[in-house]
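Protein chains in written order, with the working numbering: chain A, -13 to 121; chain B, 101 to 194; chain C, 161 to 297; chain D, 27 to 530.
Think of the hints as simulated: they come from the structure by calculation, not from any bench. Just so we're clear, the structure is a prediction, and the values are computed from it rather than from any experiment. We put the beta carbon where it would ideally sit given N, CA and C, even for glycine. Be careful, since some hints might not be right.
To be verified - One-sided and incomplete, this derived list gives chain B residues near chain A with beta-carbon spacing under 7 Å: (1) Val111; (2) Leu115; (3) Asp122; (4) Pro132.
Unchecked claim - A few chain B residues facing chain D, derived, Cβ under 8 Å: (5) Met101; (6) Lys102; (7) Val106; (8) Val108; (9) Pro126; (10) Gly127; (11) Tyr162; (12) Phe165; (13) Asp166; (14) Ile184.
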Amino acid sequence: MPSGFNFDFVVGHFNTVTYVVLMMIGFYAMTGKTNLVKKLVGMNIFQWSIILFVVSLAAKRGATIPIALGGHASLDGGTALDAAQYVNPLPHVLMLTAIVVGVAITGVALALLLRIYRRYGTLEEDELLERIRHS
Amino acid sequence: MKSLHVVVTVVTGLLLVLGSLDMSSPGDPNSPPATHVSPRYVESALEETAVPNMVTAVLADYRGFDTLGEVTVIFTGAVAVLLILRVTRDEDET
Amino acid sequence: MNREPAGVVVRTVCRRLTPFVQLFGLYVIMHGHSSPGGGFQGGVILAASAILLVLAEGTDWIRRVSLPALTVLTSTGVLLYAGVGGLCLALGANFLDYSVLPFAEPRSVGMLLIEIGVGITVMAALVSIFRDLVMFE
Amino acid sequence: MNVQQSAIPVLVVLIPLVTSLVLPVLGWWYRPAVFPVALAGLAVTCGTAIIAAYTVVVGGPLHYYLGGWAPPWGIEFRIDSLSVLMLVLLTVITLLIGIYSKHSVLKEIPSKEVPFYTVYLLLVTGLAGLVSTADMFNLYVFLEITSLTSYALVSLGGGAAVVSAFRYVILGTVGAAFYLLAVGYLYSMTGTLNMADLARILPGLYSSTTVLVGFAFFVIGVSIKMALFPMHSWLPGAYSDAPSAVSALIAATTTKVAAYVLIRVMFFVFEPRFSIDVIPVTTVLAWMGSIAMILGSVMAIGQHDFKRMLAYSSVAQIGYIVLGVGLANEMGFTGGVLHIVNHAFMKGGLFLVAGAIVYRTGVREIRGFRNLSGKMPVTAATFTLCAFAMVGIPPTGGFFSKLYLILGAINAGQWVFVAVIVLSSVLALAYLFNVLRFMYFPRDIPLDPEAHPSPSDTITRDEAPWTMLGPMIAVAAGIVLLGLFNGEIVRRFIEPVIPVGLGR
Chain A
-13 MPSGFNFDFV
-3 VGHFNTVTYV
7 VLMMIGFYAM
17 TGKTNLVKKL
27 VGMNIFQWSI
37 ILFVVSLAAK
47 RGATIPIALG
57 GHASLDGGTA
67 LDAAQYVNPL
77 PHVLMLTAIV
87 VGVAITGVAL
97 ALLLRIYRRY
107 GTLEEDELLE
117 RIRHS
Chain B
101 MKSLHVVVTV
111 VTGLLLVLGS
121 LDMSSPGDPN
131 SPPATHVSPR
141 YVESALEETA
151 VPNMVTAVLA
161 DYRGFDTLGE
171 VTVIFTGAVA
181 VLLILRVTRD
191 EDET
Chain C
161 MNREPAGVVV
171 RTVCRRLTPF
181 VQLFGLYVIM
191 HGHSSPGGGF
201 QGGVILAASA
211 ILLVLAEGTD
221 WIRRVSLPAL
231 TVLTSTGVLL
241 YAGVGGLCLA
251 LGANFLDYSV
261 LPFAEPRSVG
271 MLLIEIGVGI
281 TVMAALVSIF
291 RDLVMFE
Chain D
27 MNVQQSAIPV
37 LVVLIPLVTS
47 LVLPVLGWWY
57 RPAVFPVALA
67 GLAVTCGTAI
77 IAAYTVVVGG
87 PLHYYLGGWA
97 PPWGIEFRID
107 SLSVLMLVLL
117 TVITLLIGIY
127 SKHSVLKEIP
137 SKEVPFYTVY
147 LLLVTGLAGL
157 VSTADMFNLY
167 VFLEITSLTS
177 YALVSLGGGA
187 AVVSAFRYVI
197 LGTVGAAFYL
207 LAVGYLYSMT
217 GTLNMADLAR
227 ILPGLYSSTT
237 VLVGFAFFVI
247 GVSIKMALFP
257 MHSWLPGAYS
267 DAPSAVSALI
277 AATTTKVAAY
287 VLIRVMFFVF
297 EPRFSIDVIP
307 VTTVLAWMGS
317 IAMILGSVMA
327 IGQHDFKRML
337 AYSSVAQIGY
347 IVLGVGLANE
357 MGFTGGVLHI
367 VNHAFMKGGL
377 FLVAGAIVYR
387 TGVREIRGFR
397 NLSGKMPVTA
407 ATFTLCAFAM
417 VGIPPTGGFF
427 SKLYLILGAI
437 NAGQWVFVAV
447 IVLSSVLALA
457 YLFNVLRFMY
467 FPRDIPLDPE
477 AHPSPSDTIT
487 RDEAPWTMLG
497 PMIAVAAGIV
507 LLGLFNGEIV
517 RRFIEPVIPV
527 GLGR
């Protein structure tokens, strides 16, 4: 770590520190836990922390939501829209896609869990491996 | 085994925090993302697409192909779940 | 998993509530242009109203919904999306370039069609997934 | 601005997508038409890919602005000869396996023909899009389509397939999430997602730690998707538990496309000097590839189950491709890309052989293959040809990609890698010859009593049906053609895209 852990770095980059903590909780749950549902929960936390990080890139101090104020009126008002007034819309579009991908993956993973539970009667990884070896 | 996971997790976390050292601070109006591509979306979305909501303009028009891929992902998810779950109990005993 | 209808209070409230939830879902889809929202959010609200109905009325009505119909509805949404893109291709522009659509405000109308397609797909896909979970035992 | 560019690049993605959307409607309305329409979709996609290949070879890379917006604002498709080589490879392989899977997979689950082919065509859509797009986030979307369809197809095998599929979901999503994280990090420093735009801005930022960490997570994420050695734990279970046609499909496509993504971003978005001098990524990759080649082959030798042996052999073969990338010189690059093509055909063919054997005799253990050559001559012959290619015996394509890799290792002055390639080929010879021995010369193997009852004591010809034999023969022919025309392939498809900045 850089010499003397400068406190303003943490304050300055709170978005990164937050998402890294969240991501590591998810990553640990995914790899450390033996229960398959906990792995799935960890995977979701992991995905959502990345979404949080990318959306936080869009923020601009003092900017409003990316919808042109006054709708069409602001167009004929002649004042060109100033980019600094509006939040960056691109990360929000990307993360809408990432959210829907996350939903689809969680849906498929839950369907697999249902099949696993019905066939093997357990969702603990060690019991599962042992029952697979016997069947 | 558990300590290995903890070590891997902490190392990954440190690497990520280290990686964000020279990112521009949050909310900085002239960070690269805010100055390179997206200003055009903000400034000309209304005149080019007559849609005040810039997110919808980027979502459906500028990067409309992303959203087509997106809707395909949802369709894939629905058919995949159908493929996985449509197994009667006896079929599953093989 | 089959579920008997809930108590009469829950059923009447939900039955009164569902039309408004669906109306709001449609509003969100159609007003993606000028207010936060759009196809995805509206589609999810519509799917949520279907799930609310299942929680209130029990699972027997969703069992009667024929599955191929739901899958076909999901694919028609995406077909509408790709169809609009293909139409632009046919009219001599690049894929998904709405400026050639025969409307006064071509891009705005093109995007509206896209949002409707997305709304249909998301709604049908989530209801189809929910129906599979209900039917699975 | 409505500029009309030739629509070939987008058609290759659009045709399989529209076909997959039409199939549920067909399945509901007129069911018997589902398989023919699915095949027609695959065939037309293959045809379009070949037309695209011809156009690119003759006229140079194709560009296509989606939505009519020029990059970096809109999404761009850019098809150069590397992309088109992958496109033709993927569409040909998926067409053949599409024919093959009619009997092989649908024998067990006849009621699921409609969702199976819908998901199958969506996989082709994902692959075609992944290879054509020139936008980092669009690539993530297609990567997810490819992954999602692979998860569903793997779960179709009976028994433990659902567990292997779940493990594949978890690890696959970690890989894709690391890729997304890398895109986020690069976006935070450059503000753009278009590959050409990134390639223009990045050289100025090579010293920034964010770009460095972003690239590191990109390599880790793609290595997981590619099942590079330490991150391959999902592969053996997924390949051996899935139905054989699905194993062939996934072995021949998903890991190869991940290797393509590594090459595309490492050499074309970043300059080669970044991963050679700034951080020694190529050296690390070369060593990880070598370890994969050795340990993968060693683990393959120890297997009794035929498909699990092939799965570990895949882990070794991925090591060849990564070694080719890691050598960071023109010969190594050529060998690596050529091996992507060769291995897709070789491993696809071997899994098709496994499927035919399981289909006809239900045997999965190698011990049960006693005098299979009499019982299923065509299948055994295909296996032999694929085995020759895997070991690298001249007429087949496998020999040439290994030759380029060896030349690359010599040019790089790394004789240890030459030794690793030769040792890995010898190990491959060991585990493949072991199977050949059972198939062709069972007499001199002591019949151990508790072996599976050998199905072929009375040698009656009992070949797999034609819809399975045809694709196997076509793949075998493909392996030989790849060998004969490898000069053409290298000259027309690989040489034009050798990145400047690679060593001699």
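Right, here's what the structure says about each hint:
1. Val111: Because about 10 Å separates B:Val111 from the closest Cβ in chain A, which is outside the 7 Å limit, the hint is violated.
2. Leu115: Violated: closest Cβ of chain A sits about 9 Å from B:Leu115, beyond 7 Å.
3. Asp122: This interface hint is violated because 10 Å lies over the 7 Å limit.
4. Pro132: It is violated, given that the least Cβ distance between B:Pro132 and chain A is near 9 Å, above 7 Å.
5. Met101: violated (14 Å)
6. Lys102: violated (17 Å)
7. Val106: violated (17 Å)
8. Val108: With a closest approach of 11 Å, the B:Val108 hint is violated.
9. Pro126: violated (10 Å)
10. Gly127: Since the shortest Cβ distance to chain D is 13 Å, the answer is violated.
11. Tyr162: With a closest approach of 5 Å, the B:Tyr162 hint holds.
12. Phe165: Interface hint status for B:Phe165: holds (4 Å vs cutoff 8 Å).
13. Asp166: Cβ of B:Asp166 sits 6 Å from chain D, so the hint holds.
14. Ile184: Result: holds, 5 Å to nearest chain D Cβ.
The structure is inconsistent with the numbered hints 1, 2, 3, 4, 5, 6, 7, 8, 9 and 10, although it conforms to all the rest.
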